[in-house]
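From first to last, the protein sequence lines stand for chains S and X.
Residue numbering for the first sequence follows our numbering, starting at 53 and increasing by one per position.
Residue numbering for the second sequence follows our numbering, starting at 53 and increasing by one per position.
Please keep in mind that the hints were generated in silico from the structure rather than gathered at the bench.
Misleading hints may appear alongside valid ones.
No copy labels: a pair is met if it fits in one copy or bridges any two.
[Stated by the list, open to error] BS3-like cross-link-like pairs, simulated, lysine-lysine; straight-line CA separation at most 25 Å: (1) Lys79 / Lys158; (2) Lys96 / Lys128; (3) Lys219 / Lys250; (4) Lys128 / Lys64; (5) Lys122 / Lys158; (6) Lys250 / Lys322; (7) Lys158 / Lys128; (8) Lys247 / Lys79; (9) Lys274 / Lys321; (10) Lys122 / Lys250; (11) Lys136 / Lys79; (12) Lys250 / Lys79; (13) Lys274 / Lys158; (14) Lys64 / Lys122; (15) Lys64 / Lys219; (16) Lys122 / Lys274; (17) Lys136 / Lys103; (18) Lys96 / Lys65.
Number of protein chains: 2
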Amino acid sequence: MTRQELIQQINKKQSFLCVGLDSDLEKIPNHLLEFENPILEFNKRIIDATKEYCVAYKPNIAFYESMGLKGWETLKATLEYIPKDIFTIADAKRGDIGNTANMYAKAFFETYNFDSVTIAPYMGEDSVTPFLSHPGKWGIVLGLTSNAGAFDFQFSELVTGELLYEKVLRTTASWGTNENLMFVVGATKAESLTKIRKIIPNHFLLVPGVGAQGGSLSEVCKYGLNQDCGLLINSSRGILYADSGENFANASARIAQRIQQEMAEILSKK
Amino acid sequence: MTRQELIQQINKKQSFLCVGLDSDLEKIPNHLLEFENPILEFNKRIIDATKEYCVAYKPNIAFYESMGLKGWETLKATLEYIPKDIFTIADAKRGDIGNTANMYAKAFFETYNFDSVTIAPYMGEDSVTPFLSHPGKWGIVLGLTSNAGAFDFQFSELVTGELLYEKVLRTTASWGTNENLMFVVGATKAESLTKIRKIIPNHFLLVPGVGAQGGSLSEVCKYGLNQDCGLLINSSRGILYADSGENFANASARIAQRIQQEMAEILSKK
């Protein structure tokens, strides 16, 4: 999906919500365990319930990988079930030397036909650029993450006056364009967004951590929105596990709709 | 496999060679393409030819992941074929927040029964520690990598006087012990090993980049060996693709044996 197509979807749906498919056999409603493939059944119902309100789905690859072959089958069937006008993100956080990065790009862009893959930046340019040469596909590089461990290295002060994550954003941005590169920016540090927007004013940011991880939607939008919206805000557990009863999907729909309405209001005030 | 068992294997075989299974359909000998599963056939012959001379195998997960379900089946069958007294490394470079890291640990330690997994450090402590709580299993954290991109971020100078990769080694070492934690240290920067051994004198180092990536075995040993050996030196392409004819496995065996003999000599002089 191109940048222009993504922006069109955002405008049409008045939403920049991404639903994270961190689907976990231990957390889905009990009654689904009767099905032959409970996770696929769960995902389909979540997609049916939320597709009106979101512009992206983000399967967390670890949850599928941990289930072996069945997990990969479930991932493929889930992707095929997602409507074609919704952006898809393989939240895989891959990162390896050039020839290996090519293999990961092939896995997610060709074997599974995702629109984008999240990438870890530690290994530098040749680990990132193989994801940037596929038309209509995106690399989404970790800039600032929303977990406690973000403080261990990402905030390291460099002799140049930058913090490490600022250098990562600035340097990585020079390897691609805002048409093939996005960044992960953790929402629990909304104030950092002002500085981030000075470094990368035009790129889309994928913002995890609104909801279960404690970020605030209005704070993130205050500092992070740009003229093209420029944000994809993810919610996983808050939407997926809104209710554990037979009507869980209705609860998920209500939460997704509430977020979409808040987003529509924010977009209208821009 | 415990540290003690690994050291025993090294002493018994007089080798600290790791064979990287970066098995690529476009590079394996043509005559194998007739088999129902050419990659598995290739891996089995490489294992048969090299198992006397090495103490570890390291499948590069990208190469299997890019082949979809068949790739994961091949990975599982390959692992089952590796003799139980040889250390196994999932070269996966995973790294994500705590609950997701737990899922990756489950994938590689339980679903596939690897002894160890390589991990990217950018997301900090909660992305690493889930790999350190499985008895007999190991996390192998990227310290200094051997690719060109290593210079983009890993050598960043911090205000404390450290380079980023030195901080990564020092900080990460405090999260585990030398019985559950190793580090990836690129061999093409052998001089850095003196500094690295001051920071982590006792940990095992996984050293890629000897051979195709240009590192020298004797240089690496000069600076990297410790009292327990403390090195696993990887060769992938140099061994796998030593010959493309019907007798390719003999050529692979000869290369592996030559490296093992060089290692035996180095160990005897210690």
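Cross-check of the supplied hints:
1. Lys79 / Lys158: Between copies, since 16 Å is at most 25 Å while 31 Å is not.
2. Lys96 / Lys128: within (12 Å within a copy, 29 Å between copies)
3. Lys219 / Lys250: within (12 Å within a copy, 27 Å between copies)
4. Lys128 / Lys64: neither (27 Å within a copy, 45 Å between copies)
5. Lys122 / Lys158: For Lys122 and Lys158, both the intra-copy (20 Å) and inter-copy (15 Å) Cα distances are at most 25 Å.
6. Lys250 / Lys322: Close inside one copy (19 Å), not across copies (55 Å); limit 25 Å.
7. Lys158 / Lys128: Intra 15 Å, inter 21 Å, cutoff 25 Å: intra and inter.
8. Lys247 / Lys79: This pair counts as neither: shortest intra-copy Cα distance 37 Å, inter-copy 46 Å.
9. Lys274 / Lys321: within (11 Å within a copy, 65 Å between copies)
10. Lys122 / Lys250: neither (44 Å within a copy, 45 Å between copies)
11. Lys136 / Lys79: neither (28 Å within a copy, 35 Å between copies)
12. Lys250 / Lys79: neither (40 Å within a copy, 46 Å between copies)
13. Lys274 / Lys158: neither (37 Å within a copy, 39 Å between copies)
14. Lys64 / Lys122: neither (36 Å within a copy, 40 Å between copies)
15. Lys64 / Lys219: Answer is neither; intra-copy 35 Å and inter-copy 47 Å both fail.
16. Lys122 / Lys274: neither (42 Å within a copy, 47 Å between copies)
17. Lys136 / Lys103: within (11 Å within a copy, 48 Å between copies)
18. Lys96 / Lys65: within (20 Å within a copy, 53 Å between copies)
In terms of the numbered hints stated before, the structure departs from hints 4, 8, 10, 11, 12, 13, 14, 15 and 16, listed from lowest to highest.
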